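A.B. asks: Quick note: the sequence shown uses this note's numbering, first residue -6, plus one each step.
Accuracy of the hints is not assured; some may be wrong.
[To be verified] With a straight-line cut-off of 20 Å between C-alpha atoms, the simulated DMTMM-like cross-links for lysine to aspartate or glutamate are:
hint, residue 1, residue 2
1, 159, 45
2, 116, 65
3, 142, 168
4, 161, 45
5, 108, 65
6, 116, 129
7, 100, 65
8, 97, 118
9, 52, 38
10, 97, 45
11, 92, 38
12, 135, 168
13, 44, 126
14, 52, 79
15, 41, 139
16, 92, 79
17, 100, 124
18, 92, 124
19, 113, 65
20, 142, 45
21, 44, 129
22, 142, 105
23, 95, 79
24, 100, 168
25, 41, 118
26, 71, 126
27, 108, 129
28, 92, 129
29, 44, 79
30, 113, 38
31, 95, 139
Derived by calculation from the structure, the hints in this document are not laboratory data. Model, not experiment: these values are computed from the prediction.
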Amino acid sequence: MKSKKYVTGIVMLILVLLLSGWASNSNQKSSDKMKMGDTHSSSAEVPKGLKEANNSIFKVGSQAVVKANHMEGMYGAKATIVGAYDTTAYAVTYTPTTKGPKVKNHKWVIQEEIKNTGTKVLKPETGVTLEADHMEGMMGAKGTIDSAKHTTVYMINYTPTTGGPKVKNHKWVIESELSAK
């Protein structure tokens, strides 16, 4: 009888270890698309020096359909434009200050949210320190530039297609990631 309990205990331990290893690997592979459960800032505050767009396609208060897939439930969601700004948007890879797995190709961090950049457009593979707080662990994180695009960026409110509460002041989507209703 004792040997059956012993064997059952070992089998359970092995299963737990296998499952925890699988969960860890699947989190790393999906780290470039945030889940709705991830901590996401809803602050409407924008960085100093960010200029409102004069000729944006989508005007503040207008509706659009999201064609970006940065977070679960984002693609196809109906959005309200909260802000439109002209700047350079960067896709970045960074290691969160919370010691979580590396976030790859995060879209988007803007020029004004990167420490000591001034107006100089950064090239891919440039090392940076983030001053954005869109996601938990982003403020002060070290990372590298993956790509850069001078464009209009938008702050949006949207209700995820997967259900759940409305996302307010999502930062950022670029003009090509929105379409008319």
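A.B. asks: It remains to establish, for every hint, whether it holds in the given structure.
C.D. replies: A quick look at each hint next to the structure:
| no. | hint | verdict |
| --- | --- | --- |
| 1 | 159 / 45 | violated (24 Å) |
| 2 | 116 / 65 | violated (29 Å) |
| 3 | 142 / 168 | holds (11 Å) |
| 4 | 161 / 45 | holds (19 Å) |
| 5 | 108 / 65 | violated (29 Å) |
| 6 | 116 / 129 | violated (25 Å) |
| 7 | 100 / 65 | holds (14 Å) |
| 8 | 97 / 118 | holds (13 Å) |
| 9 | 52 / 38 | holds (18 Å) |
| 10 | 97 / 45 | violated (28 Å) |
| 11 | 92 / 38 | violated (26 Å) |
| 12 | 135 / 168 | violated (27 Å) |
| 13 | 44 / 126 | holds (19 Å) |
| 14 | 52 / 79 | holds (13 Å) |
| 15 | 41 / 139 | violated (24 Å) |
| 16 | 92 / 79 | violated (32 Å) |
| 17 | 100 / 124 | holds (14 Å) |
| 18 | 92 / 124 | holds (17 Å) |
| 19 | 113 / 65 | violated (33 Å) |
| 20 | 142 / 45 | holds (17 Å) |
| 21 | 44 / 129 | violated (25 Å) |
| 22 | 142 / 105 | holds (14 Å) |
| 23 | 95 / 79 | violated (28 Å) |
| 24 | 100 / 168 | holds (13 Å) |
| 25 | 41 / 118 | violated (25 Å) |
| 26 | 71 / 126 | violated (24 Å) |
| 27 | 108 / 129 | holds (18 Å) |
| 28 | 92 / 129 | holds (11 Å) |
| 29 | 44 / 79 | holds (6 Å) |
| 30 | 113 / 38 | violated (23 Å) |
| 31 | 95 / 139 | holds (14 Å) |
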